[in-house]
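*Asks:* Sequence:
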Amino acid sequence: MKRFHAIARSHGFKLIPSLFQAGQRFASVERNRNLIDHSFAYHFMVQARKAVRRKKNERAAARRTAVKTYYNYIGGEWVRPAAGEFFENINPADTRDVVGRFPLSTAEDIARAVEAAADAFDRWRRTPAPRRAELLFRLGEILVRNKERFAAEMTREMGKVLKETGGDVQEAIDCTYFAAGEGRRLHGFTTPSELPDKFAMCVRQPVGICGLITPWNFPMAIPSWKLMPALICGNTVVLKPAEDTPLSAINLVKACEEAGIPPGVVNVVTGYGETVGAALTEHAGVRLISFTGSTETGRIVASKCAERNAICSLEMGGKNVIIVMDDADLDLAIEGAVWGAFGTSGQRCTASSRLVVHKKVYKRFSQMLIERARALRVGNGADPETEMGPVINADAVAKIMGYIEIGQREDGAKLACGGKRLTNGEYAHGYFIEPTVFVDVAPQMRIAQEEIFGPVTAVIPTDSLEEAIEIANGVRYGLSASIYTQDVNRAFHAMNEIYTGIFYINAPTIGAEVHLPFGGTKATGNGHREAGTQVLDIFSEWKAVYVDYSGRLQRAQIDTAKME
Numbered sequence: 001m002k003r004f005h006a007i008a009r010s011h012g013f014k015l016i017p018s019l020f021q022a023g024q025r026f027a028s029v030e031r032n033r034n035l036i037d038h039s040f041a042y043h044f045m046v047q048a049r050k051a052v053r054r055k056k057n058e059r060a061a062a063r064r065t066a067v068k069t070y071y072n073y074i075g076g077e078w079v080r081p082a083a084g085e086f087f088e089n090i091n092p093a094d095t096r097d098v099v100g101r102f103p104l105s106t107a108e109d110i111a112r113a114v115e116a117a118a119d120a121f122d123r124w125r126r127t128p129a130p131r132r133a134e135l136l137f138r139l140g141e142i143l144v145r146n147k148e149r150f151a152a153e154m155t156r157e158m159g160k161v162l163k164e165t166g167g168d169v170q171e172a173i174d175c176t177y178f179a180a181g182e183g184r185r186l187h188g189f190t191t192p193s194e195l196p197d198k199f200a201m202c203v204r205q206p207v208g209i210c211g212l213i214t215p216w217n218f219p220m221a222i223p224s225w226k227l228m229p230a231l232i233c234g235n236t237v238v239l240k241p242a243e244d245t246p247l248s249a250i251n252l253v254k255a256c257e258e259a260g261i262p263p264g265v266v267n268v269v270t271g272y273g274e275t276v277g278a279a280l281t282e283h284a285g286v287r288l289i290s291f292t293g294s295t296e297t298g299r300i301v302a303s304k305c306a307e308r309n310a311i312c313s314l315e316m317g318g319k320n321v322i323i324v325m326d327d328a329d330l331d332l333a334i335e336g337a338v339w340g341a342f343g344t345s346g347q348r349c350t351a352s353s354r355l356v357v358h359k360k361v362y363k364r365f366s367q368m369l370i371e372r373a374r375a376l377r378v379g380n381g382a383d384p385e386t387e388m389g390p391v392i393n394a395d396a397v398a399k400i401m402g403y404i405e406i407g408q409r410e411d412g413a414k415l416a417c418g419g420k421r422l423t424n425g426e427y428a429h430g431y432f433i434e435p436t437v438f439v440d441v442a443p444q445m446r447i448a449q450e451e452i453f454g455p456v457t458a459v460i461p462t463d464s465l466e467e468a469i470e471i472a473n474g475v476r477y478g479l480s481a482s483i484y485t486q487d488v489n490r491a492f493h494a495m496n497e498i499y500t501g502i503f504y505i506n507a508p509t510i511g512a513e514v515h516l517p518f519g520g521t522k523a524t525g526n527g528h529r530e531a532g533t534q535v536l537d538i539f540s541e542w543k544a545v546y547v548d549y550s551g552r553l554q555r556a557q558i559d560t561a562k563m564e
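The UniProt record's numbering puts the first residue of the sequence shown at 1, with every later residue one more than the last.
These are calculated hints, taken from the structure and not from any lab test. The reader is advised that the hints may include incorrect statements.
Label pairs and their calculated CB-CB ranges [unchecked claim]:
1. 406 x 190: 54 to 60 Å
2. 423 x 128: 56 to 62 Å
3. 185 x 303: 33 to 39 Å
4. 547 x 107: 44 to 50 Å
5. 506 x 88: 43 to 49 Å
6. 376 x 66: 30 to 36 Å
7. 489 x 78: 55 to 61 Å
Note that the structure is a prediction, hence the values are computed from the model and not measured. Every residue, glycine too, gets a C-beta built ideally from N, C-alpha and C.
Kindly generate the complete structure, drawing on both the sequences and the hints.
*Replies:* The following block contains the structure:
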């Protein structure tokens with residue numbers, strides 16, 4: 001039998017135990033070792049290979065069976081896509097892990113969802129806002145109860161570390177409670193009329209059906225930024241989540257269902273942007289599109305909305321800057337720069353991708369930053385020891401590595417650390433890239449001008465605050481900026497002169513809170529703001545109301561003139 005096993009191994013095949021034992025029994029019965037020749041071994045190897053292939057197929061089928069299939073939520077029911085097709089969502093830390101199967105929807109599914117939203121709209125808008133708020137408070141409680149599970153599932157589907165996905169769910173909770181509180185406000189206002197015995201006021205009214213198109217980097221928080229104010233204002237919605245992170249959106253919508261939000265008020269349709277995203281944007285029944293994503297896609301969305309005179313709210317890219325002055329607390333500045341540049345693997349629209357550092361502290365700051373970047377623990381976000389997870393997918397890897405190549409070959413910047421894709425050992429099946437720092441970067445280099453959306457930051461030297469401000473403003477984006485200084489005059493001067501929608505003092509460019517407006521200037525957006533009470537102006541329209549109790553015709557501007 002040893003000879004049989006040796007011959008099998010010489011063919012590069014490991015015998016499975018059952019067939020090896022069968023060979024042993026055969027040899028024992030025959031008592032004739034001469035029968036265990038090369039052809040005998042080959043026969044068993046052929047059978048064993050067939051058995052292994054059969055086992056592999058069985059395991060693959062079992063995996064397909066074990067992988068959960070999810071459905072669209074339309075009109076209060078979880079339904080199959082019209083075309084009956086699905087796509088798989090993959091764990092970016094381990095591409096062998098299929099998170100789930102999700103509807104590969106079409107324009108037909110969008111049409112059904114819009115119809116359901118239209119059917120539900122009149123009843124929902126007539127529901128008093130405090131009653132709508134009660135449902136949102138209930139929704140917040142459900143999110144709190146499920147926070148750990150939702151965070152773990154989010155880490156599995158999009159990669160960021162558990163403390164960050166926990167923060168993502170917490171942000172959804174905060175958005176929900178904040179919006180619910182507005183249910184007993186939704187302030188309008190009164191103002192004096194120019195005519196006697198006349199009362200003037202403004203009230204809010206819902207927009208109608210809202211299409212929400214959301215990205216993958218904050219797959220529960222950003223949908224909540226849009227969904228909660230839309231609901232409290234009395235709108236119905238169709239949510240199209242990013243195809244890389246549909247599960248988190250579905251978890252959010254399931255929580256809405258559990259909270260008792262009526263059928264048709266919230267609908268979710270999964271699929272790809274060029275099909276369902278486009279269909280939602282172009283649907284005549286959708287009054288408003290709220291989009292978060294790239295500037296290039298946002299321009300397409302804006303163009304399509306303009307063609308049919310739909311309202312369009314855009315939150316797009318950023319090329320954000322931290323200014324570090326010569327009087328800065330460098331330890332604090334380094335902690336902020338590392339968190340701002342490499343949190344969420346740099347996949348935030350507010351990521352600190354430019355670090356403008358005063359020359360007096362430039363060398364020391366750069367050395368400290370390089371040491372901290374090299375020390376970051378990269379790995380699966382589900383591991384509590386991991387500090388930075390993978391990037392989202394293969395396309396992201398290609399884009400980021402392309403910019404690292406541009407930084408070295410085209411821009412001529414100095415690669416100080418990182419710059420490689422991690423592929424060995426635990427990284428073999430994931431999309432991992434080293435934290436990357438470029439130094440001695442000039443402001444006009446592409447890596448200092450274009451949004452990379454990955455764990456790459458550029459350190460730029462400066463002689464003065466005025467030059468730093470000029471560098472900060474010298475990009476097409478205007479989302480977030482920050483300054484580290486102990487001089488309050490410098491801090492306020494920078495705050496006043498840097499043209500962004502968000503500004504931090506002695507903090508990184510990330511960390512927005514839900515009760516303040518979020519958004520940017522220039523190519524970052526189109527003037528709208530999410531979060532805060534300002535978001536209500538996206539999801540409601542103002543109605544001016546005049547009450548004339550004079551008992552006679554009074555003509556504004558005309559009769560006013562007679563009174564003079």
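*Asks:* Which hint numbers doesn't this structure obey?
*Replies:* none
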